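S.K.: So the chains spell out like this:
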Amino acid sequence: MYECPNCGSNLKFDIASQQMLCSYCSTTIDPYSIQSGHNAEESREYDVTIFTCSQCGAELLSEDTTAATFCSFCGSTAILDSRIGKGRRPVHIIPFSKTKEDCKASYAKMMRRAIFAPKELKDEENIEKFRGIYMPYWVYSFEKKEQITFRGSESRQKGDYLITKHYDIVSDVDAAYEGISYDAAASFSDDLSGAISPYDMKSGKPFAPSYLSGFYADISDVDSSVYEQEAGDLAAEDCFSKLANDSVCSRYHVKDQKNAYSLKNALRPECTAAESAMFPVWFLSYRKGDRVAYAVVNGQTGKAAADLPVDRRKYVIGSLLLAIPLFLILNLRFTIRPNIALILSALLAFVCALISFSQMSRIREKETRENDRGYVYSKQKNIRRANKNGADDSWVNYAETGQRKPSKKSGNSITISQIMIGVFVAVMFVIGMPLIIVFLASNGANAAVLTVVFLLLFAVFTRITSSNGSPKSICIGSLKESLPVLAKPVAAILLAIVIIIWNPVSDLYYYGGAVISMGAVIWTLMDIIGRYNMLTTRKLPQFNRRGGDENA
Amino acid sequence: MRENSVAKLCILIGIITVIAVAVLYPWSTFRGKQDNDTETENTAGESFAADETYIDDKSQAALGDSEVYTNSETSYRALIEDDAQLLNDEEERELAALMQEITAYGNVAFKTIDYNDRGTESYARKYYKEQFGTASGTLFVIDMDNRNIWIHSDGAVYKVITESYADTITDNVYRYASAGNYYDCAAHTYDQILTLLKGQKIAQPMKYISNGLLAVILALLLNYGLVSFFARIKKPGRREILRSGKNHFNYTQPKAFFVRESRTYNPVNSDSGSSGSSGGSSGGSSSSGGGGGHSF
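Respectively, the protein sequence lines represent chains X and C. Each residue of the first sequence is one higher than the one before, starting from 1 at the first, in our numbering. Each residue of the second sequence is one higher than the one before, starting from 1 at the first, in our numbering.
Take these hints with a grain of salt, some might be off.
Under the rule of at most 20 Å between Cα atoms (straight-line distance), these lysine-lysine pairs were calculated in the PhoX-like manner [claimed, not checked]:
(1) X:K165 / X:K145
(2) C:K234 / X:K145
(3) X:K205 / C:K234
(4) X:K258 / C:K234
(5) X:K109 / C:K234
(6) C:K255 / X:K165
(7) C:K246 / C:K201
(8) X:K242 / C:K234
(9) X:K303 / C:K129
(10) C:K255 / X:K109
(11) X:K264 / X:K242
(12) C:K235 / X:K264
(13) X:K255 / C:K255
(14) X:K145 / C:K255
(15) X:K86 / X:K100
(16) X:K303 / C:K235
(17) X:K366 / C:K234
(18) X:K366 / C:K235
(19) X:K129 / X:K109
(20) X:K366 / X:K288
Note that these hints are calculated values from the structure, not bench results. Please read all numbers here as calculations on a predicted model, not as lab measurements.
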């Protein structure tokens, strides 16, 4: 706590003036002119109050000694435990430049498009809980200043032979990249921190604890090595894109796959610094049951991102309203024959099965946070701490060395298996479905058999692409998880197939089957929304940070 | 906030409705024109006579075996050929009376067969062409061999009795044929055809139920697509990230130094490519008509 030199009341950092401000006598003081305790310039630590949530174990640092009334990470309103501790002193800080009102305006702008979001997310009382938190980041600097040599080639056809001339291409490069930042707190998910990035390091300042007054700060629990390679890739990719477009490089086809690797390797810059920093984030949590959703706003730029779950009631009402014009359009344009109604319901069930299947794998990925490298690192660190005799280090190795865990799905990039599934689905729809419809027109039984074959192919295909390749995982895999999810759409498809093969004269069977099948589709869609809400919310966090201060 | 969401929903629905109207209005206008402005729609010299009650019983005597009536004003004919012997004389007379009304709009025929070596649709198309050519009219076939009923229409009548309506009518009447009530089946068919030709509506309950469910499913799916799209947490691209830091990248003009040469056997394909397709498409049927049917 910083005392006002005039009246002795609490000084807090004022965003508008970028000074320390006394709310009683309006005295303003430069943040660097006041220090609490010993010489902070030379110390690697500073005194803070550490608030610990008794529910999730999250820790927040503050210069303020008054008790925090709720936990920003799990939404718990239990009084947080507090103790005096030491915070690791970062090198840089970007002070808040967006006020809470700015933050609320950015958030409201973003929420305008979230028409089905629960009303609590737009509730003024809830939005008031936005809390200014300085999040720890690693700021990387890279440099490359040397002569590099890489490969190039040019080819020409001569008779039945392709003549290729190979070249070594030499260039002196001078590259420097500063200010590539990644969040250093396991509590702050990579997707949210990435979404509100970047921060402009040009307006960064040397750290002074006084900037934290009136705000909170999260602790840094991720090693700088975790994101070093990713940051280096970013710099190398930028160098590559610039050099590879040079006229000489274009002439010698440096961008070709066989040559590109050589240039990328040659251009890879060295990490010259990884400095800790505090970046401003307006943070809000919304808790419902055992799930929590976060909203974050960049305290420097005002960029907002949030988990946006859906209120089922609003979603259903909105869909019914949308169904009215669709119904009118359908009635004006289409007279659906009973058999077509049945096959359409089966196709829609198939689409729902695909969506459900995709959601399942994404939920698995999200719940384990296997692609959140900071979280994985922190988790394994805790395990190692708990089990000194040597726990499973397989995750740690990947995280500590900055390597990605060899996962089938990595981050936001599209994996080969996803491409394969995409191609398969496209082929099915472009070729398979017209075939089925043509067959249906001539012979319902043929269409049904064709449908079954496609479904079986799809089932085998998805099992292979989503499994780790072992026969056991292909056969069994996550059958227990998939069965209840896929039961309804698959039952709808099977019902349609049985009726098509049976081919009764009476339309009642077709219409009855179609109505039941469509009912199953609607039920499945409700399940899909339930799972969508799982995807847009998070498990209540468990940080296990208790038992020491930040440096423990 | 809440009012804002409702307003957005209303705007969304409004936009969709406007699009629907924009797409469908010309079509509806066209339909209306068919129903109301029948005199001007005649392209083959035939006309839809507005006076639908005109029946000239005396001309009956001049008709052939299958021809039961010729409308002296429109020259459209009514034919009944009950080869499968499904109707008795009394039923044929009653059916002929019903069919006479349709001659105000076009030719009309009723055909039953108990042997057919082709599909019902193909038979109906051929039979219609033999009897009426491409003139406006409608044909109802009961095919006992294939256990199928079929409506085939052409000309101006086809613009009203479309394939969709032919399907709907046969869906509505196939149960009579299944129960052996062929007269009821034919009578209801012509009754519904006449209703449509008069510009009135026929019952399509299952169409509304199916379309209702389909609309709800499509709306749920569309909204799912919308929320998924808008809820995406997007990360900035490389350029945006790097723009925020202090970066520079300079390089000297690259120089290439020859290292070696390699030869790879790579025969050039000598194929001259596929030749162009020869011949035109077959002329196809001169009939523009069509229809729909149902098994029984």
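S.K.: Look at each hint and say if it fits the structure.
M.R.: Quick rundown of the hints versus the structure:
1. X:K165 / X:K145: Cα-Cα ~29 Å, so violated.
2. C:K234 / X:K145: This hinted pair is violated, its Cα atoms lying about 33 Å apart.
3. X:K205 / C:K234: violated (28 Å)
4. X:K258 / C:K234: violated (32 Å)
5. X:K109 / C:K234: Between X:K109 and C:K234 the Cα gap is close to 16 Å, so the pair holds against 20 Å.
6. C:K255 / X:K165: holds (15 Å)
7. C:K246 / C:K201: Given that 20 Å is the threshold and the Cα spacing comes to 73 Å, the pair is violated.
8. X:K242 / C:K234: violated (25 Å)
9. X:K303 / C:K129: violated (70 Å)
10. C:K255 / X:K109: violated (52 Å)
11. X:K264 / X:K242: Roughly 11 Å between the alpha carbons, so the hint for X:K264 and X:K242 holds.
12. C:K235 / X:K264: violated (23 Å)
13. X:K255 / C:K255: holds (16 Å)
14. X:K145 / C:K255: holds (17 Å)
15. X:K86 / X:K100: violated (28 Å)
16. X:K303 / C:K235: holds (11 Å)
17. X:K366 / C:K234: Cα-Cα ~16 Å, so holds.
18. X:K366 / C:K235: holds (16 Å)
19. X:K129 / X:K109: Roughly 17 Å between the alpha carbons, so the hint for X:K129 and X:K109 holds.
20. X:K366 / X:K288: Distance ~18 Å between X:K366 and X:K288 Cα, so the pair holds.
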